[in-house]
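A.B. asks: Residue numbers (full-length UniProt numbering), protein chains in the order written: chain A, 1 to 89; chain B, 1 to 89; chain C, 1 to 89; chain D, 1 to 98; chain E, 1 to 98; chain F, 1 to 98.
Everything labelled a hint here was simulated from the structure, so no lab data went into it. No residue lacks a Cβ here, since even glycine has one placed at the ideal position from N, Cα and C. Heads up, a few of these hints could be off.
So the derived list for chain C, only partly shown, Cβ under 10 Å to chain E, looks like this [to be verified]:
{"hint": "1", "residue": "M21"}
{"hint": "2", "residue": "M25"}
{"hint": "3", "residue": "C35"}
{"hint": "4", "residue": "K46"}
{"hint": "5", "residue": "I49"}
{"hint": "6", "residue": "K62"}
{"hint": "7", "residue": "E76"}
{"hint": "8", "residue": "A80"}
Every beta carbon over 10 Å from chain C, so not counted as near; a handful from chain F, in silico [unchecked claim]:
{"hint": "9", "residue": "Q10"}
{"hint": "10", "residue": "S13"}
{"hint": "11", "residue": "K16"}
{"hint": "12", "residue": "L39"}
{"hint": "13", "residue": "D46"}
{"hint": "14", "residue": "D51"}
{"hint": "15", "residue": "L52"}
{"hint": "16", "residue": "N53"}
{"hint": "17", "residue": "K54"}
{"hint": "18", "residue": "A65"}
{"hint": "19", "residue": "M78"}
{"hint": "20", "residue": "A83"}
{"hint": "21", "residue": "M84"}
{"hint": "22", "residue": "Q86"}
{"hint": "23", "residue": "G87"}
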Amino acid sequence: MDSLNPAEQRELSSRMEKKQMKEFMTMYSKLVQRCFDDCVNDFTTKSLISREEGCVMRCVDKYLKGSERLGSRFQEQNAAMQAGQLPGR
Amino acid sequence: MDSLNPAEQRELSSRMEKKQMKEFMTMYSKLVQRCFDDCVNDFTTKSLISREEGCVMRCVDKYLKGSERLGSRFQEQNAAMQAGQLPGR
Amino acid sequence: MDSLNPAEQRELSSRMEKKQMKEFMTMYSKLVQRCFDDCVNDFTTKSLISREEGCVMRCVDKYLKGSERLGSRFQEQNAAMQAGQLPGR
Amino acid sequence: MSFLFGGKPQLSSAEKIDAALTEVEMVSDMFNRLSQSCLKKCIPADYREGDLNKGESVCLDRCVAKFFEVNVKVSEKMQGEAAMRQGGAAGAGGMFGM
Amino acid sequence: MSFLFGGKPQLSSAEKIDAALTEVEMVSDMFNRLSQSCLKKCIPADYREGDLNKGESVCLDRCVAKFFEVNVKVSEKMQGEAAMRQGGAAGAGGMFGM
Amino acid sequence: MSFLFGGKPQLSSAEKIDAALTEVEMVSDMFNRLSQSCLKKCIPADYREGDLNKGESVCLDRCVAKFFEVNVKVSEKMQGEAAMRQGGAAGAGGMFGM
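All chains, please: the whole structure from these sequences, using the hints.
C.D. replies: Here it is, written out as structure tokens:
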């Protein structure tokens, strides 16, 4: 990892950027699907009813906050694990 | 999108074709899995019993028809959204 | 398939190796997720309790054995199908 | 989604093709998720007949409409929040238009 | 699945390798789905012991056999329909053989 | 995970970049699975409010800790078995460290 030369670094960053773009897209479409699945279950109407819409908004809110929290904890644990299990690195 | 030159167009079509091939394969294996999951739950026999086989056939029928219908509606909605939200395009 | 020249064979093996590496990684992370999902459901504690840990260990054991068995049966069936449906090949 | 890529000047061929493929992929990912959800919500798992009946057909149509509506709402909400974080004004229209 | 690719004359190296990889990918996708379904159907989630017991082992074996059978049935059905649409005769054998 | 790739001498540029990307992918796959599991386990699907409440927050924190612990246990177990098969001693530490 540490031995990449500048050209390799650039190639890596460019491919990482593409990957992150895709990850973000997937995260977004998963969020849409999850909130749709959990909030929309009435197909006697053609448009969202207000209860469904409110549920979707709160669902998005809660998932974004939850994911952010998970991300922070994940990084802490990951850092702790690297430090603990691979001393001297 | 609109500014691809002919060589780029060819490259794009060729990669799109590969993608569609893969999509079709995935669609197929998902269909097998779904109909298996919904129709086959008896493992006291080694071969499909006739109830299971009938269920699988109807399942495939229904899913193909359902997917076709979803595809048409999706395209309509997509076209409407593009027209409505991006006027002048 | 059978008509690959040596250079093509090498390229194919190298790409197959990468694929297998990825497959193994995915298999591993699926296993972690599955055993976590099935065994860990108590979040009143911060560390695994002994019941959870035992469950995870047996879960891993059982899944590895199950997957191995499935792999053998799959190959047998696959071989039988190729032989039966494509005579003369 | 061409707005995402349209702004940049002078993309290389490879970049333009990648952008086009990413766009297609995203639409197809959305369709796959919509299909998974709507088939599950509208088609009971007993398969009494192979044809779609009237109720299932209507359910699928409405399911697509509602899925799109949810997509627009979520997209607007996320754009609004992104704009707030940047201190700018929320953009109109759906950033994540399918 | 080589029939899918075998018909075309003069494939380039890249195409031949892609075709081989696609074939491997498809078999492995099928195996992953089969595993997911059969482990779920045959192994109860309580994990009382680490070994497979007799009932679980037999269930897994039959599950594989039935999954293959379903694969063949679905493949034949789809080929039959494809052939009908083209006005031709349905081909024998499984187009989607794993 | 650099141990997986660090041992080989003289990797080409393409190989080094692939190895780095594989490492990133694996961490991100693990995070995606952890998220899926923990959001499901800790957040009830009724969404009465948009904020995380105290109970949900604590649950998420513990869920991450337990997921890591399971990862370490599974990794140690698999390494132990791999070592047994090779007749060698089980290595300490997590081969599959995230």
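A.B. asks: If you check each hint against the structure, which ones fail?
C.D. replies: 1, 2, 4, 5, 18 and 19
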